[in-house]
Amino acid sequence: MSVAPIELRRYVTAQGTVPFGAWLRQLGDARLRAWIEVRLKRVGAGLPGDWRAVGHGVIEFRLDVGPGYRVYAGRHGARLIVLLAGGSKATQQHDIELAWRYWADWKQRQT
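1 is the number of the first residue of the sequence shown in the numbering used here; add one for each residue after it.
Hint data in this document are derived by calculation from the structure and do not stem from the laboratory. All of these numbers come straight from a predicted model, not from anything done at the bench. Among these hints, one or two may not hold up.
Restraint ranges, calculated between C-beta atoms of paired labels, are given here [said to hold, decoys possible]: (1) 66 with 16: 25 to 31 Å; (2) 29 with 57: 29 to 35 Å; (3) 77 with 41: 29 to 35 Å; (4) 34 with 7: 18 to 24 Å; (5) 67 with 16: 17 to 23 Å; (6) 37 with 17: 17 to 23 Å; (7) 111 with 66: 21 to 27 Å; (8) 76 with 42: 15 to 21 Å; (9) 4 with 94: 32 to 38 Å; (10) 62 with 9: 18 to 24 Å.
The C-beta atom is built at its ideal place from N, Cα and C for all residues, glycine as well.
Kindly generate the complete structure, drawing on both the sequences and the hints.
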């Protein structure tokens, strides 16, 4: 049984910023960033691991590293995941609300 690959894209705001990329860069620790990138490669390979829906079409990938890091994304169809934002357990509600706004914006600009 083969698993279909999933394309991962980073959300880009109307102003041209990439919130997920900015969050990843601000983490500082290169090993941590590499660990997160490896986790996302698994997601792209069709192995999502620990995740849950957080409403409005946004999903949360829970990362078993650091202070409860999370990656927020929207799924478009069966083969595309748009990486919206990242955060930790401490900022979870704010991060989810931000991801909702980003996802609504992304969907609106696709039409």
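Taking the hints in turn, this is what the structure says about them:
For residue 66 paired with residue 16, a C-beta distance near 28 Å keeps the hint of 25 to 31 Å intact. A hinted range of 29 to 35 Å for the beta carbons of residue 29 and residue 57 is consistent with their spacing of about 31 Å. At roughly 20 Å, the beta-carbon separation of residue 77 and residue 41 lies outside the given 29 to 35 Å, and the hint is violated. Checking the proposed 18 to 24 Å range against residue 34 and residue 7 shows it holds: the Cβ atoms sit about 21 Å from each other.
Separation of residue 67 from residue 16 is about 30 Å and departs from the stated range, judged on CB atoms against 17 to 23 Å. As the Cβ distance of residue 37 to residue 17 is approximately 20 Å, the hint placing it in 17 to 23 Å holds. Range check, residue 111 to residue 66: about 37 Å between beta-carbon atoms, so the 21 to 27 Å window is missed. Checking the proposed 15 to 21 Å range against residue 76 and residue 42 shows it holds: the Cβ atoms sit about 19 Å from each other.
Here the CB-CB span from residue 4 to residue 94 is close to 33 Å, well matched to the stated 32 to 38 Å. Range check, residue 62 to residue 9: about 21 Å between beta-carbon atoms, so the 18 to 24 Å window is met.
Of the numbered hints listed earlier, those contradicted by the structure are 3, 5, 7.
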